[in-house]
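Modelling step: build the complete structure from the supplied sequences, incorporating the hints.
Per UniProt numbering, the very first residue in the sequence shown carries number 1; after that it's consecutive.
Just so you know, the hints here were simulated from the structure itself, not pulled from any lab data.
Any given hint might turn out to be false.
[As the list claims (entries may be wrong)] Lysine to aspartate or glutamate pairs mimicking EDC-like chemistry, simulated, CA-CA at most 16 Å apart: (1) Lys202 / Asp372; (2) Lys153 / Glu139; (3) Lys247 / Glu198; (4) Lys202 / Glu186.
[As the list claims (entries may be wrong)] What follows is a set of in silico ranges between Cβ atoms, one per label pair, in the way DEER data are often shown: (5) Leu453 / Gln245: 55 to 65 Å; (6) Leu480 / Met255: 21 to 31 Å; (7) Ala311 / Ser391: 37 to 47 Å; (8) Asn195 / Gly300: 25 to 35 Å; (9) Gln233 / Leu189: 21 to 31 Å; (10) Leu352 / Gln233: 19 to 29 Å; (11) Lys247 / Ala311: 21 to 31 Å; (12) Pro234 / Tyr270: 16 to 26 Å; (13) Ala311 / Val232: 37 to 47 Å.
On a predicted model such as this, the values are computed, not experimentally measured, just so you know.
Ideal Cβ placement from N, Cα and C applies to all residues, glycine included.
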Amino acid sequence: MVLQPPLRHRHPLYLCPAGVRPSRRAARSSAEAFVDGNFNLDGHGIRDFRGRVVSRLRHSRTRRGYASGYSFGCFTGLVSAPTITCAGHAGVFSSRFFSFLTGKAMNDFNVSITTTTRRRKLTSGAISERQQWYCEYREPLTRKRRRRAFNRKKDAEAFRTTLLLKVAEGAYVDERKAPTVAQAIEHWLATKEGNVKESTLKGYKVVANGAIRGPLLIGTKQERADYTESGVQPKNARFIKLLGQVKLTALTTAMIRVWHKTVTEQCGAYTANRAKSHLKSILALAEEDFGIRAPSMPTGLPRVRHRQKKAILTPEHIAKLIAAAREDAEHGIYYAFAFLAGTRPSEQLGLLWSEVDFDRNVTRIRRIQERDGLLTEMTKTEAGTRDIPMSAVLREMLLAWRVRCPRKGKELHRVFPGPGRLQEWPKPRLGGGGPLLYQNFRKRYWAPAFKKLGLPYVTPHSARHSFISTLQAQGIEVGLVAQIAGHANPTVTLGHYTQAVRDGSAAIEALDRAYGS
Numbered sequence: 001m002v003l004q005p006p007l008r009h010r011h012p013l014y015l016c017p018a019g020v021r022p023s024r025r026a027a028r029s030s031a032e033a034f035v036d037g038n039f040n041l042d043g044h045g046i047r048d049f050r051g052r053v054v055s056r057l058r059h060s061r062t063r064r065g066y067a068s069g070y071s072f073g074c075f076t077g078l079v080s081a082p083t084i085t086c087a088g089h090a091g092v093f094s095s096r097f098f099s100f101l102t103g104k105a106m107n108d109f110n111v112s113i114t115t116t117t118r119r120r121k122l123t124s125g126a127i128s129e130r131q132q133w134y135c136e137y138r139e140p141l142t143r144k145r146r147r148r149a150f151n152r153k154k155d156a157e158a159f160r161t162t163l164l165l166k167v168a169e170g171a172y173v174d175e176r177k178a179p180t181v182a183q184a185i186e187h188w189l190a191t192k193e194g195n196v197k198e199s200t201l202k203g204y205k206v207v208a209n210g211a212i213r214g215p216l217l218i219g220t221k222q223e224r225a226d227y228t229e230s231g232v233q234p235k236n237a238r239f240i241k242l243l244g245q246v247k248l249t250a251l252t253t254a255m256i257r258v259w260h261k262t263v264t265e266q267c268g269a270y271t272a273n274r275a276k277s278h279l280k281s282i283l284a285l286a287e288e289d290f291g292i293r294a295p296s297m298p299t300g301l302p303r304v305r306h307r308q309k310k311a312i313l314t315p316e317h318i319a320k321l322i323a324a325a326r327e328d329a330e331h332g333i334y335y336a337f338a339f340l341a342g343t344r345p346s347e348q349l350g351l352l353w354s355e356v357d358f359d360r361n362v363t364r365i366r367r368i369q370e371r372d373g374l375l376t377e378m379t380k381t382e383a384g385t386r387d388i389p390m391s392a393v394l395r396e397m398l399l400a401w402r403v404r405c406p407r408k409g410k411e412l413h414r415v416f417p418g419p420g421r422l423q424e425w426p427k428p429r430l431g432g433g434g435p436l437l438y439q440n441f442r443k444r445y446w447a448p449a450f451k452k453l454g455l456p457y458v459t460p461h462s463a464r465h466s467f468i469s470t471l472q473a474q475g476i477e478v479g480l481v482a483q484i485a486g487h488a489n490p491t492v493t494l495g496h497y498t499q500a501v502r503d504g505s506a507a508i509e510a511l512d513r514a515y516g517s
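Next comes the structure, spelled out in structure tokens:
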């Protein structure tokens, strides 16, 4: 073992035999040796560059056999940490190892290795002998005696090395009291309650319990979702154990790699990578709250295949759609609004008349509608709470729709409610005014409009892509587009929503104009 001395030190560091307090002269001599040269480790102990043994290898006779170990000591105070490399004895130590020696815990912490011969009488009458190795120590926090048995000496030495490293780095946790991955998941989910939407929390639970905790049902996607939500096992069900019962102290990078491969094979790369992202957050929180060093995430994992960009309509198609919507007094505003405001479907269906300001010509996005039709008084992200400027065309259509819009009782409430049933004029509309579910919105309003006009079908969310891409194509700065779209970072606008709505000839013409040709 070679100890490279620090360039400077405030107080002398000394190495002494276990259980022996050195004299001032010995401490001074060891400190001088520590500064002047390197230490070397041999069969007798730790020697300085002059060949003097400054810390002997301790041998003690016990009831069970012989024990050996090293003892380190230091004066109270700060010491510049040396770099320690130990070949063949205790692995590789970091500089934090000797920095920790300045504390009381390491002064009092010793790990001794003992051995004994175990004898057992066989049925044949012969005596079987087997050598057993033990690591004995006191826990740094509780001071309780602990003992671990090993069949091989090198396993005991490896355990001692790992234990010393954990104590030195302040990462030691009693394995018997260490939480499991399942307990860490529960702790993580508890911190999310009240801080995220109910639907978001539900998604977290499905992924964390189904793809991390386990067991994982071997079956279709719908069967796994039903089992995760209800807990009822289908007939002839088969399961794969995941990470739920693994102690956090025993979790390794290799185990995470095997787990990720299993989830990828059963559920796909998207689910596996989403679960890995959740697991990373779970382990980070456990490291903060439980003091357990989290293993690093494996590298080189398969990524999700590149997704094709959403199909969007050309400006000519959108112009045709809006022209038809202005003539369709009953349904037009439903399928034209997203192209004119760039909202998400949940934001459109959750819009209230109280948030439509005709005086300032803005539409305030303050809430969303969940899948069950209930309103949530928060948007998808903090940046999603925004005011969207109202164009002249949209203002005209909203004013006309306000007269015909189904009411909740006698008051205007939702801008895009369930339609109810129309009667001949002047009879009032029957029903309506309540929530319009997303699937009904697509079936009754969205899809029929594209079919009637002969336009290529796109999803409601692609209208948002068209809105953002068209603004970009018209030269609107990306920061302003991100603000209108409700993106916290313009990088999201550029990376995921901006698509080409013009061909490349316009760019070449602009280049010619710039060069004056």
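Determine which of the earlier numbered hints do not hold for this structure and return their numbers in increasing order. 2, 3, 6, 7, 10 and 11
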